[in-house]
Amino acid sequence: MGSINKNAVQQSATIISNKRIGSYHQILISVGEIVKHCRPGNFVAISVGGDSSKMILRRAFAISRVSENSQYGGSMELIVAPHGSGSKWLCSLPEGSEIDIVAPLGTAFGIPTEPISALLIGGGYGSAPLFGLADVLKVRNCKVDMLLGASVGAKIYAPLEGKRSVNSLKIYTEDGSMGEKGRVTESLLEIVANRNIDVIYSCGPMGMLRAITELVAPTGVIHQCAVEESMACGIGICMTCVLPVENEDGQVQMLRSCIDGPVMDGSKVQWSLVGQVPEVLS
Amino acid sequence: MSTTLGNAWFPAPIFTASGCASSGKELAQFFPLKDVGAIVTKSVMSKPRHGRPTPRMAETPSGMLNSIGLQGPGMDAFLANDVPWLLEQKARVVISIAGETIEEYATLARKLRSVSGISAVEVNISCPNVENRGLVFACDPDASRRVIDGVRKTIGGELPIIAKLSPDVTNLPEIARGVVDAGADALALINTVLGMVINVDTMKPHLGGKTGGLSGPAIKPVAVRAIYQVHAALPQVPILGMGGVASGRDAFELILAGASAVSVGTASFGNPSALIKIQNELRDILTAKGFATLQQAIGYAHREETA
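From first to last, the protein sequence lines are chains A and B.
For the first sequence, position 26 matches number 288 in our numbering, and the numbering has no gaps at all.
For the second sequence, position 12 matches number 13 in our numbering, and the numbering has no gaps at all.
It should be emphasised that the hints constitute simulated quantities derived from the structure, not laboratory data.
It is possible that part of the hints are untrue.
To be verified - Calculated lysine to aspartate or glutamate pairs in the EDC-like style (CA-CA distance at most 20 Å, straight line):
| id | chain 1 | residue 1 | chain 2 | residue 2 |
| --- | --- | --- | --- | --- |
| 1 | B | Lys48 | B | Glu89 |
| 2 | B | Lys278 | A | Glu452 |
| 3 | A | Lys405 | A | Asp437 |
| 4 | B | Lys278 | A | Asp313 |
| 5 | B | Lys35 | B | Asp202 |
| 6 | A | Lys530 | A | Glu508 |
| 7 | B | Lys211 | B | Glu282 |
| 8 | A | Lys316 | A | Glu376 |
| 9 | B | Lys205 | A | Glu491 |
| 10 | B | Lys211 | A | Asp511 |
| 11 | B | Lys112 | B | Glu159 |
| 12 | A | Lys432 | A | Asp397 |
| 13 | A | Lys350 | A | Glu376 |
| 14 | A | Lys281 | A | Asp407 |
| 15 | B | Lys205 | B | Glu159 |
| 16 | A | Lys268 | A | Asp522 |
| 17 | A | Lys530 | A | Asp460 |
| 18 | B | Lys48 | A | Asp511 |
| 19 | A | Lys268 | B | Glu159 |
| 20 | A | Lys298 | A | Asp313 |
| 21 | A | Lys400 | A | Asp362 |
| 22 | B | Lys154 | B | Asp202 |
| 23 | B | Lys112 | B | Glu101 |
| 24 | A | Lys268 | B | Glu282 |
| 25 | A | Lys316 | A | Glu330 |
| 26 | A | Lys350 | B | Asp36 |
| 27 | B | Lys48 | A | Glu508 |
Claimed, not checked - What follows is a list of derived Cβ distance ranges for each label pair:
| id | chain 1 | residue 1 | chain 2 | residue 2 | range |
| --- | --- | --- | --- | --- | --- |
| 28 | A | Pro344 | B | Gln297 | 48 to 56 Å |
| 29 | B | Lys35 | A | Gly372 | 32 to 40 Å |
| 30 | B | Gly75 | A | Asn456 | 18 to 26 Å |
It should be emphasised that the depicted structure is a prediction, and the values quoted were computed from it without experimental measurement.
Every residue, glycine too, gets a C-beta built ideally from N, C-alpha and C.
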């Protein structure tokens with residue numbers, strides 16, 4: 263009907279499985295036909311707390327991956343950090359529970375038509391959508407390298423089966439409990455140069471996205487990042503999740519990260535202005 | 002379930018609430034906009050506006066605080082891009098306007114004179130998210146009257162004028178009477194309630210704008226009280242009721258208090274098809290309670306029982 267989120271539907275979905283993996287929960291839900299329209303980078307908005315809940319707003323989660331041919335006829339995987347009361351509620355649900363979802367929402371990662379060299383960078387559970395992305399890139403004959411980082415090893419999400427589409431995977435933790443000690447930005451410029459990276463795809467904390475953008479700015483490498491801003495609705499009506507982004511005319515606009523994102527061109531996001539108000543338009 | 006506000010007729014009594022439907026395109030993915038009573042647009046100002054800094058949102062028990070600060074494209078772009086699309090959808094359109102000065106409201110109203118097809122103008126004199134609390138016109142009886150008077154002189158008699166009021170006042174009926182005397186054809190009750198959340202980790206106000214407007218089921222009793230008080234004082238003045246409506250029962254409650262139509266705002270954030278659900282539930286409740294028309298239920302809580 264509309265031109266915005268034209269494939270989004272509101273429907274109920276059934277939890278197929280809910281497993282704890284490190285600090286996260288891997289939740290698989292049966293969603294049916296809508297998987298056909300889900301692209302890496304899209305997200306899902308889920309009602310939490312049940313009908314009598316005092317939590318009135320949906321929670322947004324990146325769609326980790328979808329499968330069309332599962333025995334459930336279309337399933338969606340989410341990686342959820344039980345952090346606040348809404349995500350804790352979701353992580354506590356047993357198999358067979360029904361949830362109310364709206365999906366797919368938001369922009370998707372741009373997929374190149376040429377077989378390029380891509381570097382995928384994930385922070386914490388931000389790695390979740392990158393494995394589905396890696397599968398898609400691999401099918402396009404892209405070379406896919408991946409860097410994952412987190413504060414501690416338990417917050418690295420890197421499933422075994424997810425690595426099949428990845429040429430190389432390097433892990434960093436701030437405490438050194440898994441992989442190399444440090445952050446994903448540690449050797450980023452060397453990796454970009456040595457591997458002739460054309461495009462960086464990233465998902466994770468805003469600080470990481472900003473650091474990547476600033477590091478690669480002089481190199482001309484394209485940086486598509488999936489941003490994270492707190493949202494009330496996820497469908498573009500509440501105007502709370504805005505970010506200052508430069509448009510084609512060089513003007514800064516406050517764009518909704520739910521509709522104009524979550525995937526944005528990192529070089530256009532005015533990271534230094536996040537949390538401020540740009541000069542009044544004239 | 003048709004209803005009227007001033008001389009504007011609407012085929013159904015459930016509307017969007019200003020600031021909770023953006024341009025309308027976003028909700029059109031979930032239901033045909035013509036199926037609800039009206040789309041009340043976000044409040045539009047003369048110039049494009051960025052609004053307030055993030056964070057702009059905090060969920061609270063059965064509610065949320067927002068601090069958007071009237072972000073928008075400005076009236077000219079809005080009339081060029083958004084309104085024609087809404088009219089193409091055959092939606093009834095109520096345009097909400099907000100100004101920083103009394104003159105700005107009149108200027109905005111003047112721009113609406115040449116727009117055909119719109120149903121009414123909502124004059125938002127009560128947005129809590131402005132830099133200076135002194136600029137919340139609806140907290141000041143005299144300023145409220147002057148804003149509405151300026152709008153009336155511009156478009157009075159052409160378009161019904163709906164004055165949107167704040168519950169954050171001592172004597173709401175007095176302010177309501179003032180704007181009605183100045184020319185408001187109907188009242189929109191209530192805007193959000195001023196609130197604040199302090200983040201206990203940073204130990205500072207959570208919102209970028211520090212204060213925000215509280216909405217959602219948490220404020221429904223405030224809305225019911227406000228509508229009841231104003232309907233008691235001004236029974237002839239139609240009220241567009243709003244505040245925490247999430248079900249047909251909630252909408253019915255506001256109608257019993259005195260609302261002729263009901264806007265749904267925050268509920269759409271949690272449920273994109275909330276308006277349709279609420280409208281269907283309301284129809285069922287009216288029937289179940291034995292009301293042949295919506296009009297019979299308006300203000301029904303005010304009746305005096307004869308023993």
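Here's how the hints hold up against the structure:
Of the supplied pair hints, the one linking B/Lys48 and B/Glu89 is violated, its CA atoms being roughly 25 Å apart against a limit of 20 Å. A distance of roughly 56 Å separates the Cα atoms of B/Lys278 and A/Glu452; the hinted pair therefore is violated under the 20 Å criterion. Annotation: proposed proximity of A/Lys405 to A/Asp437 is violated, straight-line Cα distance about 30 Å (limit 20 Å). Pair hint B/Lys278 plus A/Asp313 holds up; C-alpha atoms about 14 Å apart against a cutoff of 20 Å.
The suggested pairing of B/Lys35 with B/Asp202 is violated, with an alpha-carbon distance near 45 Å, which exceeds 20 Å. Only pairs whose Cα atoms come within 20 Å are accepted, and A/Lys530 paired with A/Glu508 is accepted, the gap being roughly 5 Å. The suggested pairing of B/Lys211 with B/Glu282 is violated, with an alpha-carbon distance near 37 Å, which exceeds 20 Å. The straight-line distance between the Cα atoms of A/Lys316 and A/Glu376 is roughly 49 Å, outside the 20 Å bound, and the hint therefore fails.
The suggested pairing of B/Lys205 with A/Glu491 holds, with an alpha-carbon distance near 19 Å, which does not exceed 20 Å. Restraint check: the Cα-Cα separation between B/Lys211 and A/Asp511 comes to about 32 Å, which exceeds 20 Å; the hinted pair is violated. Between B/Lys112 and B/Glu159 the CA atoms are separated by roughly 13 Å; this keeps the pair inside 20 Å, and the hint holds. In summary, the hint linking A/Lys432 to A/Asp397 is supported, as the alpha carbons are separated by about 17 Å, within the 20 Å threshold.
Under the criterion of a C-alpha separation no larger than 20 Å, the hint pairing A/Lys350 with A/Glu376 is inconsistent with the structure, at around 41 Å. Restraint check for A/Lys281 and A/Asp407: not satisfied, since their Cα atoms lie roughly 27 Å apart, outside the 20 Å limit. In summary, the hint linking B/Lys205 to B/Glu159 is not supported, as the alpha carbons are separated by about 48 Å, beyond the 20 Å threshold. Proposed proximity of A/Lys268 and A/Asp522 is supported: the alpha carbons are some 13 Å apart, at most 20 Å.
With a C-alpha separation of about 17 Å, the suggested pair A/Lys530 and A/Asp460 falls inside the 20 Å cut-off, and the hint holds. Restraint check for B/Lys48 and A/Asp511: satisfied, since their Cα atoms lie roughly 18 Å apart, inside the 20 Å limit. For a cut-off of 20 Å, the pair hint linking A/Lys268 to B/Glu159 is broken: about 37 Å separates their Cα positions. A threshold of 20 Å between alpha carbons decides the hint, and for A/Lys298 with A/Asp313 the separation of about 29 Å lies outside it, so the pair is violated.
For the hint linking A/Lys400 to A/Asp362, the alpha-carbon distance of about 32 Å lies beyond 20 Å, and the restraint is violated. For the proposed pair B/Lys154 and B/Asp202, the alpha carbon gap of about 51 Å is over 20 Å, so the pair is violated. Proposed proximity of B/Lys112 and B/Glu101 is supported: the alpha carbons are some 16 Å apart, at most 20 Å. Distance hint between A/Lys268 and B/Glu282 is unfulfilled; the C-alpha atoms sit about 27 Å from each other, more than 20 Å.
For the proposed pair A/Lys316 and A/Glu330, the alpha carbon gap of about 35 Å is over 20 Å, so the pair is violated. For the hint linking A/Lys350 to B/Asp36, the alpha-carbon distance of about 37 Å lies beyond 20 Å, and the restraint is violated. Proximity of B/Lys48 to A/Glu508 is assessed by CA-CA distance (about 19 Å); at most 20 Å being required, the pair is judged to hold. A C-beta distance of roughly 50 Å is found between A/Pro344 and B/Gln297, which places it inside the suggested range of 48 to 56 Å.
Under the hint 32 to 40 Å, the C-beta atoms of B/Lys35 and A/Gly372, about 35 Å apart, fit the expected range. Checked against the hint of 18 to 26 Å, the pair B/Gly75 and A/Asn456 fails, with Cβ atoms roughly 49 Å apart.
In summary, the numbered hints that this structure violates are 1, 2, 3, 5, 7, 8, 10, 13, 14, 15, 19, 20, 21, 22, 24, 25, 26 and 30.
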